[in-house]
Every structure is written in structure tokens, then in C-alpha cells.
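Participant: Taken in order, these protein sequences are the chains called A and B. Just so it is clear: in the first sequence, position 50 is 50 by my numbering, and no numbers are missing. Just so it is clear: in the second sequence, position 433 is 433 by my numbering, and no numbers are missing.
In short, the hints are calculated from the structure, not lab data. Worth double-checking, as some hints may not be accurate.
Straight-line C-alpha distance at most 30 Å; calculated DSSO-like pairs for lysine-lysine [as the list claims (entries may be wrong)]: (1) A:K3 / B:K708; (2) B:K767 / B:K708; (3) A:K93 / A:K4; (4) B:K713 / A:K4; (5) A:K87 / B:K672.
Just so we're clear, the structure is a prediction, and the values are computed from it rather than from any experiment.
Here's the letter readout for the chains.
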Amino acid sequence: MTKKILIVDDEPNIVMSLEYTFKKQGFEVFIARDGSEALEILKDHTPNVVLLDIMMPNVDGYQTLTFIKESESLKHIKVVFLTAKNKASDVEKGLKLGADKYLTKPFSVKKIVSEILELVT
Amino acid sequence: MNSYAVIIIIIIYLAMLFYIAFLAEKKRQSKWVNNPYVYTLSLAVYCSAWTYYGSVGIAANSGIHFLPIYLGPVIAAPLWIVVLRKIIRISKQHKISSIADFISLRYGNNRFLGALVTVICLFGTLPYISLQLKAVSETFEIISGDNSYVSTTVIDDSTFYIALLLAIFAAFFGTQNTDASEKHKGIVATVALESMLKLLFFLAIGTYITFYLFDGTSDIYEKISVTDNFKELTTLGKVEDGFNWFFMIALSFMVVFLLPRQFQVAVLENNREKHLKKAIWLFPLYLLLFNIFVIFIAWAGKLTFGSTENAEYYTLLLPLEYGNTFLATLVFLGGFSAVISMVVVSTLALSTMVSNNLVIPYGFLDKFIKNQPERNSKYIKTIRRVSIFTIIIAAYFFYVIFSKALSLYSIGLISFVIISQLAPSFFIGLYWNRGSSKGAIIGMIVGFCIAIYTLVLPFTLEAYTGTDDFRQYGLMGIEALKPYALFGIDFLSPPAHAFFWSITFNLFSYLMFSLMSKGNYRERNYAEMFVDSKNFTNLQDNALVWKGEAYVADIKNVLARFLGEKRANRALKIFFTKYKLSQDTQLADARLINFSEKLLTGSIGSASAKILIASVVKEEQISLVEVLKILEESKENIVSNKVLLEKSNELSQLTSQLKEANEELIDKDKQKDEFLDTVAHELKTPITGIRAAAEVILDDEEMPKEIKVQFLKNILQDSDRLGRLIKNILDFEKLETGGLHLDLQPQDIQKTIGKAIASVSQIASKKEVLIVNNNMHPFVINYDEDRILQVLTNLLSNAIKFCETKTGKIIVDYKIGNQVVEISVADNGKGIPEEDFIYIFDKFYQSKNQNTRKPEGSGLGLAITKQIVEKHKGKIWAKKDIKNGATLVFTIPFE
Chain A
1 MTKKILIVDD EPNIVMSLEY TFKKQGFEVF IARDGSEALE ILKDHTPNVV
51 LLDIMMPNVD GYQTLTFIKE SESLKHIKVV FLTAKNKASD VEKGLKLGAD
101 KYLTKPFSVK KIVSEILELV T
Chain B
1 MNSYAVIIII IIYLAMLFYI AFLAEKKRQS KWVNNPYVYT LSLAVYCSAW
51 TYYGSVGIAA NSGIHFLPIY LGPVIAAPLW IVVLRKIIRI SKQHKISSIA
101 DFISLRYGNN RFLGALVTVI CLFGTLPYIS LQLKAVSETF EIISGDNSYV
151 STTVIDDSTF YIALLLAIFA AFFGTQNTDA SEKHKGIVAT VALESMLKLL
201 FFLAIGTYIT FYLFDGTSDI YEKISVTDNF KELTTLGKVE DGFNWFFMIA
251 LSFMVVFLLP RQFQVAVLEN NREKHLKKAI WLFPLYLLLF NIFVIFIAWA
301 GKLTFGSTEN AEYYTLLLPL EYGNTFLATL VFLGGFSAVI SMVVVSTLAL
351 STMVSNNLVI PYGFLDKFIK NQPERNSKYI KTIRRVSIFT IIIAAYFFYV
401 IFSKALSLYS IGLISFVIIS QLAPSFFIGL YWNRGSSKGA IIGMIVGFCI
451 AIYTLVLPFT LEAYTGTDDF RQYGLMGIEA LKPYALFGID FLSPPAHAFF
501 WSITFNLFSY LMFSLMSKGN YRERNYAEMF VDSKNFTNLQ DNALVWKGEA
551 YVADIKNVLA RFLGEKRANR ALKIFFTKYK LSQDTQLADA RLINFSEKLL
601 TGSIGSASAK ILIASVVKEE QISLVEVLKI LEESKENIVS NKVLLEKSNE
651 LSQLTSQLKE ANEELIDKDK QKDEFLDTVA HELKTPITGI RAAAEVILDD
701 EEMPKEIKVQ FLKNILQDSD RLGRLIKNIL DFEKLETGGL HLDLQPQDIQ
751 KTIGKAIASV SQIASKKEVL IVNNNMHPFV INYDEDRILQ VLTNLLSNAI
801 KFCETKTGKI IVDYKIGNQV VEISVADNGK GIPEEDFIYI FDKFYQSKNQ
851 NTRKPEGSGL GLAITKQIVE KHKGKIWAKK DIKNGATLVF TIPFE
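Please build the complete structure, drawing on both the sequences and the hints.
Facilitator: This is how it looks when you write it as C-alpha cells:
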């Protein structure tokens, strides 16, 4: 069965690299540029994993995560933060809110892929 | 007028005075009793019967020589603000009750000195009181028309009864309190009233004589100027007369401070220092008014009576001669008023001195120590009352024996010369700390003896022996010892002569013995306090240097004997509270000793207070050197305390400044952290993009070429972004830390706007946004063009960012205001949300209403813009209440 991933980030260049890589790994990739677009997509699709930036306009990463984890139909979805916020307090906050993993920018694409694969297989 | 009628009038008048005194005592706090006018009028106790009757006598016989006696006080009055204020302050501090107390305290509570001053004052005042009695007696005879009758015994002499009545009045209102330093409001109020009445009546008789009996002043002058020896009476004469005048003025200048009654009203009865301010001009005015008519009355009397009548009583004789009994009665009452106030105040002052400086310290102290407090206070009052009666009766007998033969004027001057012997130790002691008790005592005794020899002895010997040998040939026939021409000085009048020699010897003795003797430590201690009365208020109880051992309980015992248990306890409680000592302190310190002495001084005088306290404490002698050292230290302490206080104030000011600065720093630090955080975040984003794209290309060799190109383009874009970001951060830092210097040159703002529009035209046309340059007039001012271009470009790019594609329109405009150019950039985009107004110029603030999701900018644009504008001393703001879009405005000021 094809794995589905939702990438939520407002930086198109970063999204492009991630999209290319995950597609090559055989993922079905959904793209959202902020939290509100992500929630829009989640109405119709149920990805295995959501790769989520935190600092975004409109609905930010924290809000998106909370929404997912509080929804009965969505809370089984794995959520991974991918953010430039790398302070210990930020990490702690993210995990406390229910994120499954907390990865920081800049990142190694290979590492991201292996972390995601670890989660979904 | 019938003599009984006169007696009845006298009794009614006295009853009225009793009533007024009673009222004043009852309403002690009323402003009718406590005001500068009452104070000034009470000072006019200076004008006794001598002034009232005697001046006219002198004016008639020797012309204007009556004047120096008033010129002295007039000259002294302005000095009161300095000298008298100092005296009043010291007296209040130490609860001084008389001039004897004052002088004895200055010279270290010297018991003998206090007694000596008292004796001198007695000698000086008794004849003076007798003078008053003489005036009453003689005027009584004149007004009652009873010239023929001469009283032979005391019992049927009306003067004796009048004297007794005065004694009762003084005793009743003068001894209400045991503490003689308390105010005597009743007596002061009556004195003030009497001063007013005597002036009014004198002015009335003066007006009556000058304008009713005669035809004004010029009429009298014309008539008198044709009589013999007129010239002598109106001119000063030779140089000798100048000397006489000088010495008389000096004499009256001194005694207006020293007379016991003047000290009583001016110092002891003073309520508020500020009353002095009014007194210094009002009192001279009073004296002036009193003397206006003197010379005319004298001339009028001479014209009317020739030299048949006693000129001193012209004021009384003239109205009687013309049958105006009413006016004569008023004059009599005026003179009587002058007598009463003088006699009452003088006896009050003297009785306090006699009791506190003579009787108590020399006889009754031991008795007091054994007695109960109630009895002590009764005793003290009794002593004062007995003193009052004794003084007045003694004055009466002096009058009977001596004064009948003398003129009012000469008796008055004898008093003045005797009292003036206090002057050197009193005045110099106030300002010279070396003045010692030995000098004071010897000076006074020498001066006093000379005054007696040159002034009193001649007429007493004459009265006894009936010859004037002594006066004519001097003591044992020695020429140089002639009492009126000592050492050949024969050109002065007897009083001036006596004053000159006595005061000269007094002064020299005082200075010489002061310089020769070291003085004991206590004396030097008080000397420092008196002389240095500026520090005095600071030093207060600390000022007394004292070493020894004393128990609070013992001191309390002594206090209780005189003040009563309750007052003693209360006083000690106040003392302990004031100095923050425990209420059950056992050992007394110097402050308590000084405090207790002061408390007792009011009741029993300073010398007795010292002896009493000394009886219960074990005092150690301290050397003079030690005293001076301690005094010096306490002065230094005060100075250094002051300095310390200033320093501590400075420090606390600095501390609060530091606190503020620290808070500011913490704030700045927090801002800096946030700034770094944001900068790091902003830098990471393009780096992440670059790293990810590079990795993807590297790992995928089979990547299609067009995708590879896209990734490489992304890398380039992110690299540019990184570069821009770094440049902006550096710019911003430079601006923020002030490292940037503006290159101010005259520039045309219109041209700069054009350049800015040109630089953004490419992005604008891409988004199809229209930019309009509204104001095409050139205007040249000074600014840094590159920087202003940066401002304009930032504002324009922002505006473009917020505009809708195709419909977007931006209008750039400028206008000239009051010494500023105001440039505005208005767009028709989404506008600025109200809650963002205050934040838009903050660094890294990014509006929620941005059209493109991720702005091209660094988040520093507007912050940098603001910095640049402010560097040009301009302002930048977003216009509020704009219907649609946003309008950003900035100003550049110009001269």
C-alpha cells in the first residue's frame, strides 16, 4: 500500500526538495503552504504522516498539530515537526503537544526520509 | 480737684488694668494678646515717667539734650533683627528667666556672677522705681491742688499706698507660674494698653498746648526766640557737647538691651521671632511720636510760667492753669500709666533675679532638696512675692530719703549708667568665646564702683554732710579724683563723664582678665554655645560637655521636687523618646544633665539648677583642652553627618539610576536575544533550502535536467536572499548603534523620489501596480540621498507587496510644512490592521495582511527605515483613519 505524506511548509524551495525525495521513495505527497491549507487537505485525505513546519502565516504548526491530535478521525496520523526552532524548550513544547518526532532545520534529506520510514513501517 | 476724687479715679483705673490683665491671662492664645503690635507697645515700657515728665524738664532747662536718650534705641532697633534674635533664641533654649540668668549662664552658670548682676540691677533699678514714685507723688499733689500739705509719716502718704497697690498687681500677675520663663500675658497686655494710652494722652496735651493755647508751632517759636539764652537751648554748642551727645547716645543704645524691664519684655515675653520685624520700625516711630511736642510744651511752659514752676510738670500745670481739669486728669493718668508699667515690669524682672540668682542659690537650696514638690513651688512663689514687695518698699524709702531732692532726669541717668556696667560682658560675651567669668566679674565690679564714685557718691554725700566739698575738691582733696572731673576730664556732663570712665575701666578689665584667665571647662563650653548660636540649634542638648557618673533615678528625684512627680516623669519620657533611648535607662549622659538643668532653670535660675543637679551626680573635671576637643568633634560630627547625609542621598540617587540602567540593560538584553533568535531563524531558512537542494542533486545522478536546473535556480535564489539578509542586518546594526554617519548634501527631494520609483518599477510592472508621482516641483534640502532612497524603496516595495495585482495604485506625494518636508506613500492595498499600528516599525515584524505568503523582505525593512528617518531628525508614522489602503508618512526637517 502506498504511504501518504503531507508536507506543510511556507518555503517553496524547501518543499520542492522534500517533495522530490519522498516521491522517489514511493510516497504519495500532499503539499500545504500553511496550517489552514493542511487542514483543508486533511478533510479529503488521510496521510500516514504529516511533516509540519511551525512558523507559518495564518494557522501555525502548533495549532495544526493540536487540531489533528484532538480529532478522533485524525489522531492516529503521525506528526513530525520540521522547524528551525531548535531550542530545548521548543523541542519540549512540541513533543508535549503530541508530536511524534521533532526534527530541526537545516536538515539532511536522507535523515528525514529514514526518520519518516521508521515511523510508518 | 479733690484728692479723694483723684484716688477714686486711680482705683477705677487700676481695677480696669486688673480686669484686662485677667482677661489676657484667660485668653492666652488669642491673637489680641499675641501680635507684633502688642509686642512693640510692650517695648514702649522704655518710656517711663522720666520720658513723660522728665523730657519736658530737660527741654525747658537745657534744650534738645533730652533727645539722645531716644536716639540710642532708634539706632539700636535695626540691630535687633541680628542681636536680639540671637538673645531670644538662646533664652528660649535655656529657659532663661532674667538678664542675670542670661549672663551667668554665658559664663558657665557662675553663681556669683548671677548674684552680682542682680545686685547691679537692684542698684540701677531701685532709684529708677523711686523716680516713678516721686513722679506719682508730685503729680498727685499737683492734680489734687494739695501743694501745702506735706506728708510727714508713711501712713498718710498716698504714694505709699499706690506703691503697695502696684506691688499687689505685680505679685498677682507676675507669679502665676513657678517657672519664671513662662510668659506673663496679663502684664504684657496691660503694658501694651498703657503704652498706647500714655502716647495718646501725651499727643493730646501736646496738641492742646501747641494749637489751642498757642497758635501752632511757629507761634511758640516766634515768641520764645526773643527771650534770653534761647540760642543756648537750641544749638549743640561746642565740641564738648558733641562728646556728651555721643556718650548719651551710646549709653541709651546699650541700656535698651540691658534694662531688666526691657530684657523682660523684649526677650522673655517674646512670642515669635517674626514680631521683631515689625518692632524694628514701629518702636522708633513710637519714640518719634512721643518726642514731637516735647520742645513746644517746654517753650510754652516757659512762656507761661517763666521759671517759677518745675518744668517737668508743664504738661500738667498748663491745662490746670487754663482751667482744663479734664485734660489735666488725662495727663495724670498717662503719666500714671507710664509709672505702673515701668514699676510692675521692673519689679517682676528684679524679683525673679532676686529669687533665682540671689535668694535660692545662696540660701534656700538645701531646704528645697529636702522639701516636697508642692511646697517647693509654693516657696519659690513666696520668695518672689516677698521680693516684689521688698523692692517696691525699698524704692519707696529711697524716694523718701534721696529722690525728693533730685530731678527725674538725673535719677534716670544714674540708673542708666549703673545698668550699663553689664554691657561689656553681655555684648562681647555674645560674640567672643574667650570672654571669661573672671573678666566679667572684675569688669562689672570696677565699672560699678567708678559709677558709684563719680555719680552716686557726690549727691549722697552732699545730702548727708550738707557740703559739696567732695565734689569741689575730690577725695581727700586730690585734684585728679574729683568725682565730676576724674583725671582732669572736666568738659563732660556728670552722667556722660561717669559713663565714660566706668565703661572704659569695665571694658579694659573685662578684656584683660579674660585674656589672662583660662576659664574653666564649663564656662568655655557655654561660651562656645552662645557665640556659635548658628550651630546652637543643632547642638542643643549635645552641646554640653560633661563627664561623670549619674543615675537617672537621682536626677528624676531632683526634678520631681520642683516640677512634681507627674511633670518630671513626662519630661523624662519625652527626653528618652527624643533621643531614642530605652525608657528604663539607668545611667544619665551629658544630654540628660543639660536637659534637666534647662528644665530647672525656669524655676530656680541657671546657677541653682547647676548646683542642684551637681548635688546628685558625680562629675569629673575635664580639662579645657578636652572640652575644646569634644566641642570640635561634635561640630565636626555635625559637619560630617551633613556630608554623610549628602553622600547617602547621592548614593541612593545613583542606585536608582543604576537600577533603571540595569532594567534597561535587561530589557535590551532580552531584545538582543530575541533579535538573535529571529536572525538565526531567518538565516536558517535559505540555508535549509540550499542544503536540501544540493543534497537532492548530489544523490540523484539520473535526475532530469530541467528539474536539476530548477533546483540550482532555487539554490541561487536562496543564496541571494541570504546575502540580502546579511546586508540588512549589518545596516540595521550600524544604524542602531549609531555607527552610521550621514552624508548630508543639498538634494532635490523630487529627483530622489523619481529615482526610488525607477528602482522599483520592475517589480511594480510585473505585478501591474501603478505608481504616481504627485508633486513635480523641485525642492532642495540637505539629506543623505542614498539613505533616503533606501527609505523610499522600502516604503514602495512594502506598498507593492500589499497591493492587489492589476488594480494596485500607489501615490507618492510631498508637501512643505513648518520647517519640514513631509513625504507620503499611499497605496490602495489591504491596509494595516489597527492592532498592528504600533508594531509595524519593529524589527522582524511581518504583517498578517501580506499578500505574498512569504515576503521578499528580511523583516527589517521598516525598522531600518525608521532608523534612517530618525537619524535625519525626522519622524515616521502610518496615517490612521484611512478608508482603504495604507499611507506611510515621514518627515525630513530643514533649517
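Participant: Are the hints correct? Go through all of them and say.
Facilitator: Structure-based check of each hint:
1. A:K3 / B:K708: Since the Cα atoms of K3 (chain A) and K708 (chain B) sit roughly 25 Å apart, the hinted pair holds (cutoff 30 Å).
2. B:K767 / B:K708: holds (28 Å)
3. A:K93 / A:K4: holds (26 Å)
4. B:K713 / A:K4: holds (28 Å)
5. A:K87 / B:K672: At roughly 16 Å apart (the allowed maximum being 30 Å), K672 (chain B) and K87 (chain A) satisfy the hint.
The structure agrees with every numbered hint stated previously.
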